[in-house]
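Residue strings, one per chain:
2 protein chains.
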Amino acid sequence: MNCEIIAVGDEVLTGDIVNTNAREIAAGLEDAGVRVRRQIVTSDNPAEIRQTLAEAFDRSDVILTIGGLGPTYDDITRESAAEQMGVPLVRDPETERRIREYFTATGRELTDNNWRQAMIPEGGEALVNLNGTAPGIWLEKNGKILVQLPGPPRECLPIFRESVLPRLRERTGQKRVTRSVRIFGIPEAAAESRLHDRMTASRNPVIAPYVKDGEVEIRLRAWADTEEAAYALTEAPAREIAAEFGDHAYSLNGESLSEVLVRTLRENGLHATAAESCTGGMVTAAITSVAGASEVFDGGVCSYANAVKAGLLGVSEETLREHGAVSEACAAEMARGVRKLMRADLAVSVTGIAGPGGGTPEKPVGTVCFGVSTPDGEYTLTRHYRSQGSSVRESNRTRSALEAQFQLLLAARRLGKKQ
Amino acid sequence: MNCEIIAVGDEVLTGDIVNTNAREIAAGLEDAGVRVRRQIVTSDNPAEIRQTLAEAFDRSDVILTIGGLGPTYDDITRESAAEQMGVPLVRDPETERRIREYFTATGRELTDNNWRQAMIPEGGEALVNLNGTAPGIWLEKNGKILVQLPGPPRECLPIFRESVLPRLRERTGQKRVTRSVRIFGIPEAAAESRLHDRMTASRNPVIAPYVKDGEVEIRLRAWADTEEAAYALTEAPAREIAAEFGDHAYSLNGESLSEVLVRTLRENGLHATAAESCTGGMVTAAITSVAGASEVFDGGVCSYANAVKAGLLGVSEETLREHGAVSEACAAEMARGVRKLMRADLAVSVTGIAGPGGGTPEKPVGTVCFGVSTPDGEYTLTRHYRSQGSSVRESNRTRSALEAQFQLLLAARRLGKKQ
Chain W
1 MNCEIIAVGD EVLTGDIVNT NAREIAAGLE DAGVRVRRQI VTSDNPAEIR
51 QTLAEAFDRS DVILTIGGLG PTYDDITRES AAEQMGVPLV RDPETERRIR
101 EYFTATGREL TDNNWRQAMI PEGGEALVNL NGTAPGIWLE KNGKILVQLP
151 GPPRECLPIF RESVLPRLRE RTGQKRVTRS VRIFGIPEAA AESRLHDRMT
201 ASRNPVIAPY VKDGEVEIRL RAWADTEEAA YALTEAPARE IAAEFGDHAY
251 SLNGESLSEV LVRTLRENGL HATAAESCTG GMVTAAITSV AGASEVFDGG
301 VCSYANAVKA GLLGVSEETL REHGAVSEAC AAEMARGVRK LMRADLAVSV
351 TGIAGPGGGT PEKPVGTVCF GVSTPDGEYT LTRHYRSQGS SVRESNRTRS
401 ALEAQFQLLL AARRLGKKQ
Chain U
1 MNCEIIAVGD EVLTGDIVNT NAREIAAGLE DAGVRVRRQI VTSDNPAEIR
51 QTLAEAFDRS DVILTIGGLG PTYDDITRES AAEQMGVPLV RDPETERRIR
101 EYFTATGREL TDNNWRQAMI PEGGEALVNL NGTAPGIWLE KNGKILVQLP
151 GPPRECLPIF RESVLPRLRE RTGQKRVTRS VRIFGIPEAA AESRLHDRMT
201 ASRNPVIAPY VKDGEVEIRL RAWADTEEAA YALTEAPARE IAAEFGDHAY
251 SLNGESLSEV LVRTLRENGL HATAAESCTG GMVTAAITSV AGASEVFDGG
301 VCSYANAVKA GLLGVSEETL REHGAVSEAC AAEMARGVRK LMRADLAVSV
351 TGIAGPGGGT PEKPVGTVCF GVSTPDGEYT LTRHYRSQGS SVRESNRTRS
401 ALEAQFQLLL AARRLGKKQ
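Residue numbers (UniProt numbering), protein chains in the order written: chain W, 1 to 419; chain U, 1 to 419.
For the record, the hints were derived by calculation from the structure and aren't laboratory data.
These numbers come from a predicted model, not from an experiment.
Don't take every hint at face value.
[Said to hold, decoys possible] Covered stretches of chain U (chain W as the covering partner; in silico rule of three or more C-beta atoms under 8 angstroms from a C-beta of chain W): (1) 17-26; (2) 40-47; (3) 276-290; (4) 303-316; (5) 391-397.
[Said to hold, decoys possible] Residues from chain U that face chain W, not an exhaustive set, calculated with beta carbons under 10 angstroms: (6) 36; (7) 52; (8) 131; (9) 300; (10) 354.
The beta-carbon is built from N, C-alpha and C at its ideal position, and this holds for glycine as well.
Kindly produce the complete structure, drawing on both the sequences and the hints.
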């Protein structure tokens, strides 16, 4: 069963907005066993819509349109699709009722145009839209399936997940599952090299590496008759790959680094804190993005200026004078200082040169020092990031914030083992 | 002149990655005066590529392909496009030289396949790729223009900006410019209502509202013979719209709220700080994302637990007991405390319930209190966010972080006027 995804709308066509709906829908279709054959973006122009739909109906089994379900006279996506399926549009009483209720509840004025949104193809189903007025549409006829979804993501995606995917899953033979092993601190080339033979040999699951923000994500993708069977195919390979990378493989089930860190701290009854300079609060922001962070985190310090490193964290003037703020000596004192201040078990510090300015020959942009302070001891390390492109600053900060969390995770595991 | 954008690649087609190249390319084309007629995503399958290209060549003046320029035998995008243009592929000596250099410099092994990337259509130009081996391709023939770009964004977009857009701009009549007035703290419905008549009446520029993270962006889009003339058309309307919203319209030229805040602080010689609870460091992270923040920012505190609010910022036990951490009383003391601690001119505090848990009938999820402390006085305010969807926590945190920065901006302007 193959499908074409047709997004209708000048906003997407002319680059005002990114076609994010299409990505999730394409992945969802493939997971459900429907092969995506083509994706198209067409303008709101009626002639273009008609032509695009006619071509799609010739080629594919499932035609899924996104957008173009507005109430105005030139929103002809509904009409064109019904025409291709060879049926007229008819009024859906349940949808009419919902539209009436929606306008009453929000105190808005109903115009004649709004009733157009209650029209669905004869023999089709209106798929409930809890976040807007236009229902989704499902019609199966003569070996074709027509799916129509409203454009705004907050309307489109819930209808797709809740009403479209279940129907499609019932009709397809194979299901697809994707699972990731997330690896921090191993360069992509090294990861690929160590996994090369396995990746080449493995057909089901297919195994491929993806790089993002200095992390390597190993994606395992498997097909089987059911989702459960497909997921089971990923189990052994995922564990073997994780074992290959030890502590660096921090997640096999989709958890982010922050989620794994917070969970690990909680499981070991530990509190962590952070003193940040160049990352400016990104580490503590990441930790607190996880619900339940309050069980493992009480607070942190952004010590951007030397005066604050000295005054609040106790970094010595001597260290600042002799080694500078961007040094392992300073990082050590920052970590020690914030750990004491917050009465935490573990602390990490970050001090570096995010760029684009501020670099020197001795300490170029991308030089970042980290300190870790625990009851059992302290250590420091330095990274030298070589980020490229227009967002050197953000890239260096992002990678530093991940490194800081990773170091906390390693320290938490070590401490946890001793308990 | 109209264009079709064809992205080649299973990764985009099946939803592994978002088609971000297409958004920037479509917007760039429209700015250059080329109308985007259709966007297509096709698989790596040779037959699909051939068919898609044939159809595009029938319909449009400019055919722009993204991806499919790899070195392996089934990367037939180059061949198919040259076929459509009626020319053979020929080896480009300069590209061969670059490929040889690239492999020598990176110590990688050259295979026969790699030379395929030096093939360009006869009569065409190889567009230099500084970030990879496959050059872009430009060919003009018989009223058609063929543009081919490599898939990875860091290769594709520089070639598009530096080599393709200038060539296209020379060939088109009209240029398009987009400019935004960014408005904080006005609900979308109110902004649309106030601008309704203006938006309906204005044809050039076209004026339309976009909402993101609780901000309203009024986009003005103008067309003229030159970019300068188009930009000039936006000048008066942009200023008038900004004047309509006073302080709420914080930017007319693309600056983000953080950038405007840092610039305003710097222009007025002021230092700011922040004490954050639920935002966890997002405010200080945003301020420090702006290069030059060290001139206006020394540090901040993430006081997540009550003990830290009390111990480090001096929030009284009485306040915490009687009003709780999420209260204007607590926000006032947090702001006062961090301002003193950091010896800043201005301070903002944020304390609230980001969710999804933690809400009560008196203080539901989305209740966030802010405090502002300045030499001239203090004030507090409460917001009640009603975020929906799966990321309530992130939505509440993001909106709170923006509100905090906006309050600092208002305070900075007020203080600045008095100087």
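Going down the list of hints, with the structure as the test:
Only when three residues or more bring their CB closer than 8 angstroms to a CB of chain W does the claim for the region 17-26 of chain U stand; here the count is 9, and the claim holds. Residues of the region 40-47 of chain U lying with their CB closer than 8 angstroms to a CB of chain W number 4, which satisfies the three-residue condition for coverage. Only residues whose beta carbon comes within less than 8 angstroms of a beta carbon in chain W count, and the region 276-290 of chain U has 12; three or more means the coverage holds. Here the region 303-316 of chain U counts 6 residues with a CB under 8 angstroms from a CB of chain W, which clears the bar of 3, and the coverage holds.
Counting residues of the region 391-397 of chain U whose beta carbon lies closer than 8 angstroms to any beta carbon of chain W gives 3, which reaches the threshold of three, so the coverage claim holds. A least Cβ separation of about 5 angstroms between residue 36 of chain U and chain W falls short of the 10 angstroms threshold, and the interface hint therefore holds. Proximity of residue 52 of chain U to chain W holds as hinted, the smallest CB-CB distance being about 7 angstroms (cut-off 10 angstroms). Interface hint at residue 131 of chain U: satisfied, since its Cβ lies 8 angstroms from the closest Cβ of chain W, which is below the 10 angstroms cut-off.
Among the interface hints, the one on residue 300 of chain U holds; its C-beta lies about 4 angstroms from the nearest C-beta in chain W, closer than the 10 angstroms criterion. A hinted interface residue such as residue 354 of chain U counts as satisfied when its beta carbon comes closer than 10 angstroms to some beta carbon of chain W; here the least separation is about 8 angstroms, so the hint holds.
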